[in-house]
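Peer 1: Join the two chains into one complex using the hints; note that each chain is given alone, in its own frame.
Sequence lines, in order, name chains A and B. Under numbering that gives the first Met the number 0, the first sequence is numbered contiguously, ending at residue 188. Under numbering that gives the first Met the number 0, the second sequence is numbered contiguously, ending at residue 219.
Be aware that one or more of the hints could be misleading.
To give an idea of the interface, some chain A residues facing chain B are shown, with a C-beta separation under 10 angstroms as derived from the structure [as the list claims (entries may be wrong)]:
hint : residue
1    : S42
2    : V79
3    : C139
4    : T159
Keep in mind the hints are simulated off the structure, nothing from the lab. Backbone N, C-alpha and C define an ideal beta-carbon position, used for all residues, glycine too.
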Amino acid sequence: MGRLLLTGLIATAASIAHAESVTYAIDPSHTFVTFEANHFGTSTLRGRFDRKDGAVMIDKAAKTGKAEISVDANSVSTGVPALDTQLKGKDFLNAAEFSRVTFSADKFSFSGDKVSEVAGTLTLLGKTQPVTLKATHYNCYLNPLIKRETCGGDFETTITRSRFGMPYGLDYGLPDDIHLLIQIEAIKQ
Amino acid sequence: MMTTPRAPGTARDPPRGSGLAWGGPARRPAPVARATLLTAMLGGAALLAHAVPQSYAIDPEQTHIHWELRHFGTSTSRGRFDDISGNITLDREARRGDASITIATGSVSTGFGPYDGVVRGPYVLSTTAYPKAYFVSNRFVFEGDRLTAVEGVLTLRDIGRALTLRALRFSCRTDTEPAREVCGGDFEAEFPRSAYEVTHSLPFVADKVRVVIQIEAARR
Numbered sequence: 000m001g002r003l004l005l006t007g008l009i010a011t012a013a014s015i016a017h018a019e020s021v022t023y024a025i026d027p028s029h030t031f032v033t034f035e036a037n038h039f040g041t042s043t044l045r046g047r048f049d050r051k052d053g054a055v056m057i058d059k060a061a062k063t064g065k066a067e068i069s070v071d072a073n074s075v076s077t078g079v080p081a082l083d084t085q086l087k088g089k090d091f092l093n094a095a096e097f098s099r100v101t102f103s104a105d106k107f108s109f110s111g112d113k114v115s116e117v118a119g120t121l122t123l124l125g126k127t128q129p130v131t132l133k134a135t136h137y138n139c140y141l142n143p144l145i146k147r148e149t150c151g152g153d154f155e156t157t158i159t160r161s162r163f164g165m166p167y168g169l170d171y172g173l174p175d176d177i178h179l180l181i182q183i184e185a186i187k188q
Numbered sequence: 000m001m002t003t004p005r006a007p008g009t010a011r012d013p014p015r016g017s018g019l020a021w022g023g024p025a026r027r028p029a030p031v032a033r034a035t036l037l038t039a040m041l042g043g044a045a046l047l048a049h050a051v052p053q054s055y056a057i058d059p060e061q062t063h064i065h066w067e068l069r070h071f072g073t074s075t076s077r078g079r080f081d082d083i084s085g086n087i088t089l090d091r092e093a094r095r096g097d098a099s100i101t102i103a104t105g106s107v108s109t110g111f112g113p114y115d116g117v118v119r120g121p122y123v124l125s126t127t128a129y130p131k132a133y134f135v136s137n138r139f140v141f142e143g144d145r146l147t148a149v150e151g152v153l154t155l156r157d158i159g160r161a162l163t164l165r166a167l168r169f170s171c172r173t174d175t176e177p178a179r180e181v182c183g184g185d186f187e188a189e190f191p192r193s194a195y196e197v198t199h200s201l202p203f204v205a206d207k208v209r210v211v212i213q214i215e216a217a218r219r
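This is chain B alone, in the form it adopts within the complex (with noise of 0.2 angstroms):
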């Protein structure tokens, strides 16, 4: 199920409908008049569709994961991942989902060549060894029908350990053009990244890193 990482530095999937990566008429949501008429006349299948696990596939330009960390004190130094694939499974009705997400380390980016060389190296993430990390979660949180956490396992350096990501905002929406169900949200979690095994730069970087998520998946 899940899509072969790219190989750092090739094309990405062309833009779809008219080739506008964001927004543009092509990727406009239904207009919301006509996505509550459609809503009204479709709430039945819409409730039966939802009473099974739907997938959904990760869109790579709306789906990033940055992170923060704390240098010397005083400001916050960020990256991210370019490369992220993956597929995540929703029941709404029984609030349940899983996910499965593989992120190429060697597609990390901080705006800063040296330091991408830096973070790609023997001493942080070892790409060349450990080319994939990974999350894995078949934990969702809900509150009511509001999901609020995803709670897994997060795989950098082969080295797994538990992860809960709060949901900051989570919904789903209806395009048109494409006419397809997006769902996303945004994501945050910290962990101390000693706890993988990357002490480079402690105590002057700091040990916690907040990580930041992007996503949007849309139904298969």
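So that you can see chain A by itself, here it is in the shape it has in the complex (with noise of 0.2 angstroms):
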């Protein structure tokens, strides 16, 4: 009985829930994903990857969300175009065999109106992992250009590499843990 009401009331949630949510396209132009990784203890390298595409949904009353956020793994940037080619090459992204690089997240969590968590799996080399996205940013606004609400902010995460199975040089020093800086801007559809 009690758990036929819960169900019950989860459903009509829902139903409120989906009529409010809204769906936001990501805005490429203010939408990047740069890692950084330490060098030999030296120094931080970063990177970024330039061709992404995506959508989230919001739904702001019932503080819900998903989200489904790619990228190509063969637009990885560094600035050091034979560090491009050695990121893609297959000791890392092997991006000739799996080029997207998939985000995908069905729970966020929200600090009063703004979301401060986002957690779901991260797919890379074909295989999947929980990760959850913090922000250390968020905020909502109307771009005055387009005259339309966009939603975004600052995220970041670390992730081990070795998990999604690219141990390359991890025996002479090369780190296992990457910092992810994410920056997100989508637009109302």
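Peer 2: Okay, structure coming up:
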């Protein structure tokens, strides 16, 4: 009985949620995944992915959301062409075989009316692992140029690349932990 | 002493050693045990070596300047300069140093073509009129043996302003192949872009610029 009531309540909440769920398409000019990797304990190398697509659905009233964002492994860019080639190769991203790196999430946490955390999975090299992105900044605003609501912010997380089957260089000091800095802005559709 | 900056789009130096740009057996640092032994054996020589200023050439593969700007109070937009050259002199014993770094402004890269055009254009970097930016310092700040800051002047659009780079980390290591000492680290700084008369898109794009610098330099 109790369970039935709960199911009924959730169903009602879900239908309300769907009624107010808004889809936002990512703005590729303000959405980038930047990675940081320590270089032999000396300095921090940064690189980014230039091609990406995706959408985010947010229901502000129900405080729920969904996100599906992909980056093209072939678009990795460090500013050093020889390094980009190496990163796209079999030892790292294997972009010829696994061009899409996808983040898929359906657990949004809110702090007040702001998204504070997004939990989901990251699929890299065909392997799927849980990943939680923490918001370091979040905001919505009315973009005066396009007259539409835009939401987004900065998120970060750290992934362990060996868990995705990318152990190259661990034996001579390349780092296993890769810090990800994510800029995202998405426009209301 | 300074390397001539390459024109944007031209080929970089070919990768050394095995041809691997990042890591790879040919670029590996000395194993710790071996480095310790080497340090012990050559301790005297190393002390002597450090007693005089040593010159280091910037490694363009491990040297990048990223900048960050808050967009509409919401997210952080980033860009970087890909073509950086220069020389650093370091006297770790005397705790002194100087740096002379040249940035080819046309090598700016945001990952979004139209923005590269805007940033290179007359309202931001004016890269045709001002193809080079410079950072010059002769004041390295140490706390004990630790380098904590580099105080200098950043010249952008021919406007020079004092800028202090805070060291987030700084250290030296010994690579085996090629055998060389490499020093480097991460630095950060902030400045208002309006100080360089870059006011485009204010206030929607913030005035405050944060720069994040990765630098590695090999002893000459």
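Peer 1: Look at each hint and say if it fits the structure.
Peer 2: To see whether the hints hold, each was checked on the structure:
1. Hint status for S42/A relative to chain B: holds, with the closest Cβ pair at about 5 angstroms, below 10 angstroms.
2. Among the interface hints, the one on V79/A holds; its C-beta lies about 5 angstroms from the nearest C-beta in chain B, closer than the 10 angstroms criterion.
3. For C139/A, the shortest C-beta to C-beta distance to chain B is roughly 8 angstroms, which falls under 10 angstroms, so the interface hint holds.
4. A distance limit of 10 angstroms between C-beta atoms decides the matter here; for T159/A the minimum to chain B is near 17 angstroms, and the interface restraint is violated.
Against the hints set out earlier in the document, a violation occurs for number 4 only.
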